[in-house]
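*Asks:* Just so you know, the protein sequences line up as chains P and U, in that order. Here the first sequence is numbered in my numbering, starting from 1 and rising by one per residue. Here the second sequence is numbered in my numbering, starting from 1001 and rising by one per residue.
Worth flagging that the hints you see were computed from the coordinates, not collected in a lab. You may find that some hints are simply not true.
Chain U stretches covered by chain P per the calculated footprint, using a threshold of three residues with CB under 8 Å from any CB of chain P [said to hold, decoys possible]:
hint	stretch
1	1028–1041
2	1045–1057
3	1060–1072
Cβ coordinates follow ideal geometry from the N, Cα and C atoms, glycine included.
The lines below spell out each chain.
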Amino acid sequence: AQSVSQHNHHVILSEAASLELGCNYSYGGTVNLFWYVQYPGQHLQLLLKYFSGDPLVKGIKGFEAEFIKSKFSFNLRKPSVQWSDTAEYFCAVKYNNNDMRFGAGTRLTVKP
Amino acid sequence: KAGVTQTPRYLIKTRGQQVTLSCSPISGHRSVSWYQQTPGQGLQFLFEYFSETQRNKGNFPGRFSGRQFSNSRSEMNVSTLELGDSALYLCASGRGLAGVSDIQYFGAGTRLSVL
């Protein structure tokens, strides 16, 4: 079955620390990859996406993600987090049959 | 343009009742997907509708059903509610064109509490 795994359930960092959140998905041919963010009390918003081309994609607010096809991974990174990055982050994969699957989410807490 | 609109925002029901949730997609979007969000489980896919037809379905019991109207608005129904159905139900819309890269845009959700 198609599935998405996020390695970390809860990550706690201090401001200015670097961030990397892991995401792996089950093989399913051609995929579209996404990271969504849900700030406290707000709805899910798209952070960045990968459709094709350069496997290193840049999103909003200084986030980036790298697609490594051989590892079925799409890890999210940010060199220096801010308190305002405190949120829940979801990795999502859209398979070729239009099936969209989300990971369980990673809660990020950034201490000021 | 207006985003994805879900109504109502909050619902309180008792076990055994049924409930209907509504979702109006972004204008021009023909695909509507429904998800159940619970703490620790993330978003679990319920189903996707495209042009009034259910195109994909997740692993939920038959108590969960949906439909889509000709104007792309969608409703989700849950019959014989159970305590475990308490969750945030999210709706997402997209162009839904097969084989074409697509983005889903989410509504604010309907928070259902089953007592």
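*Asks:* Determine for every hint whether it applies to the structure shown.
*Replies:* Evaluation of the provided hints:
{"no.": "1", "hint": "1028–1041", "in the structure": "holds (count 5)"}
{"no.": "2", "hint": "1045–1057", "in the structure": "holds (count 5)"}
{"no.": "3", "hint": "1060–1072", "in the structure": "violated (count 0)"}
Hint compliance for this structure: hint 3 is the single one not met.
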